[in-house]
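Engineer: Chains as they are written, first to last, in this note's numbering: chain E, 1 to 274; chain S, 1001 to 1258.
Since the hints were made in silico from the structure, they are not lab data.
All C-beta atoms in this analysis are idealised placements derived from N, C-alpha and C, irrespective of residue type, glycine included.
Just so you know, not all the hints are guaranteed correct.
To be verified - Some chain S residues judged to face chain E by a derived CB distance under 8 Å, without partners named: (1) Tyr-1085; (2) Thr-1091; (3) Trp-1095; (4) Arg-1138.
Take a look at the letters that make up each chain.
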Amino acid sequence: MADSTGITPTLRRRGRNFGPAKVGLWGPPIALLALIIVGAYVANALLGTRAFLLPQPHVVLGKLVEPKTAPDIFEALGNTAIVALTGLVIASVIGIVWAVAMSQARWVERTLFPYAVILQAIPIIAITPLIGFSFGYDFPSRVVVAVMIALFPMVGNTLFGLQSVDRAHRELFRLQGASRWTILTKLELRAATPAIFAGLRISAGLSVVGAIVGDFFFQRGTPGIGALIAKYSARLNSAELYASVLVASLFGVAIFLFFGWLGRRAVGKWYDFG
Amino acid sequence: MSTATTLPVTTDKKTDTLLDFADVQMTFPDGTVALSGVDLTVKRGEFVTVVGPSGCGKSTLLRIASGLETASHGTVKLDTDRIGYVFQDATLLPWRSVQANVELLAELHKTPKAERLAKTKEAIDLVGLTGFENHLPRALSGGMRMRTSLARSLTLDPELFLFDEPFGALDEITRERLNDELLRLFAEKQFAGLFITHSVSEAVYLSTKVIVMSGRPGKIVDAFEVPFDMPRDPEVRFTAEFAALVGKVSHALREGHN
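Next up, chain S with everything else stripped away, as it sits in the complex (with noise of 0.2 Å):
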């Protein structure tokens, strides 16, 4: 097949599977192969994890599956259309208060506006952010920033969550926090998860599947089960399994990168 084609699947019959990409191959118009051959599936229930160099097409892979780009090369099925969307930055409308924010995308839909509230309401209360609903996002830390960005996107109800490195600029203890409070929300919200990261220890506690590419052009090199159970309890990282297995998706990071 030459030419790339994304399916929405909209049938009653819902698979296992949200998100198939078969032997996807992006080239960008100046002759750069940012993806090349990448074959991945992301199931109900599975948080899965990107992990691999600067620039090697992790964030290229979510364009493609959220349809801001489309792949070159391969097919790319999609089984659902309430994706959620989390940029690298809290990608915050600076004139809107974080209510105003958070209500965005349900009011591009045009959703009524009793209905419209109440999401927002339960996204803000979900992630912590009861009381700050009048603030401007520039009076909010960039912890708080990404909070509401969150609450955003979780306004869309998704079935699909998509997340392009989103803790990447924080401190570590915001961000330690913050995973715990995502994996509180895939718990409560049983959403799919496909994480961009580019911290190996984040990749490990966060998911059930981790992936690990290489850099230019961006291939999977190699994919680990996470065996740990969900519900995870943040006392894991300090466990010699965890240690092992981060050294284990470290080294394998290390392998593709040379």
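Pulled out of the complex, with its shape left as it was, chain E reads as follows (with noise of 0.2 Å):
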């Protein structure tokens, strides 16, 4: 019986409307592009004799495509991947089991909270020497630094979502005399994941960070762009390093949408996810 309190309300699709709201949203930060482009030509032109210190744009983006120099970029952009994607993952399935962990009891918590704190307020170049002692100096390592940059943002997360789930919602299940292991899969989980995926989105976008920092320091094997960034710019190959670090920047990006786009197809439904 469709009663006469049964509308169904249309649902509101953001960031769907075309037309003159689409360029209101895209066209201001286009314009600051293109002052930022026309901007690096006239410094390019107005440094003389240092001109090579800032590159013209048309330079650096023939780098991208230049057969001397564009497949170690890309080569070096692959093995970060490699690292941040595993890092990522680690990142993931540690800071979900800790932070559900913690959200199994207050002692737990109180126990473990403090050093996920730490963890994250640990300078990482500090005990980068530490790190290269343990791990060795390739593949581990960067995956070491990857991991712990982007672990917190996963457990603060999760653990925020665990613990935000309804009382109503619990008492739900309590009165069906439901177990813990119920509650946390039928609801504190489901609960928590438009959180998880928020703080996934961070992590990735961390883990990128984090192995990009461990390239710097741990160079064997197949190191990704940090170190090819490190390498150009030791040898003042500016149009070189502004292309890797362009590549790099635009890697983060390009994986902090994907996410976000994962979110929103795995909560979207039922809930605004950023």
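Can you join these two chains into the complex? Each is in its own frame, and there are hints to help.
Structural biologist: Structure representation (structure tokens):
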């Protein structure tokens, strides 16, 4: 029976507007980009003999198709992506397990949470020698750095999600005598999904940062874009340097957008995932 | 007796009384006395409504009856384990469709799938939500969410149905409509009801007995038998007898408040 109260409100979809509104959305940032590009040409012209410090934008972009440099850059990016992805997977598993453990008892939370905060506060550069001692100077250590940088948002967001479960929902389950495991799997983890995806999106970006930072310290084996950046910067190859930085940044943005999209796909039907 | 006991009596000899509160007191850890000396029974076939000012411990009464809280003093006897509980909000899981929400309780009780689906279908039909099975809660109006919540409890085939101001947040028209549906379900499913509300006319219209509580600490100050026949004629609301009883209950509520 469709009663008078049964009007189905039309679901509003955000960011699906086309036409003039779309221009309003994308116009300003594109205008700013154009300004920066023009500024780069002007600066390059004014710098004279030191023009190599700030190469012209088309020269930078040229490096991304040049047979001499492009394969190096993209291969390095691929290596970075593998480190970042491995780090992200490990950080997600550890982060979710850590948060679930803390959500199960107050004393576990009190015992473990300080270490999550400490982990977050450790200056990663200060402990890189220790990581090198323990894990060597190639792939595993680069992954460890990525994990350490990406871990905290997973722990923090998952815990927040698990703890923000509605009290009435908990009582609904308690009234049926549901076990802790049932409450965890059918209620808490489901309710925490938006927060977990929000954490995943932040951690994904951070894992890329971590992989690049890892490259600077651990350059054995097949280092990634960070090692390349270090090399170009040492040789004052500024166009190549800019090209690598640009590619690394775009990769970070792409990862962020991908996990945003994934989050909307996972929970967008019932939650307004930003 | 200094400690409260909840005795789920599971004998084959079913008594008439489903819920029995004797001298129940509830004191919270912070010292607040929410209930004091409450005697209350709900028998089979009865629909008991409790009215009282906000914060008088009405909800605590239900929380004790359902086992969510334990009384600090007195005895609570419960003669059924099939209890429906309808919260103030619909408390639907936002990621589950109407169908999946209604299925939830049977799922938690590990009811076999075929039986679970049959119960779910029956309950959805009973509350008039057929055709909305695949809707998510956010696409439903407040009234439809509450119907879904009712359907969810109906899958338990409750003998005792506890309602904690379920229609308080709905508009008047939706509320009246749901009152009528609740009366129809009461006639059809033969459960006993304990209903909390702060609307006197809703209380009189729905119930066979109205209990009036005073403010903190919550005490029962008066009780009224409602003489109108069940199934109840909606027109009864516009009679002088109905108005007179509403007046008496309102008066008792006001007395208790002062």
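Engineer: So, for every hint listed, does it hold in this structure?
Structural biologist: Structure-based check of all given hints:
Evaluation of the Tyr-1085 (chain S) hint against chain E yields a held restraint, the C-beta minimum of about 6 Å falling below 8 Å. With a cut of 8 Å, the hint placing Thr-1091 (chain S) at the interface with chain E holds, because the nearest CB-to-CB distance is about 5 Å. About 5 Å separates the beta-carbon of Trp-1095 (chain S) from the nearest beta-carbon of chain E, less than 8 Å, and the hint is met. With 8 Å as the threshold, the beta carbon of Arg-1138 (chain S) comes within range of chain E, its nearest partner Cβ sitting at about 6 Å, so the hint holds.
In the structure shown, no violation is registered for any of the earlier numbered hints.
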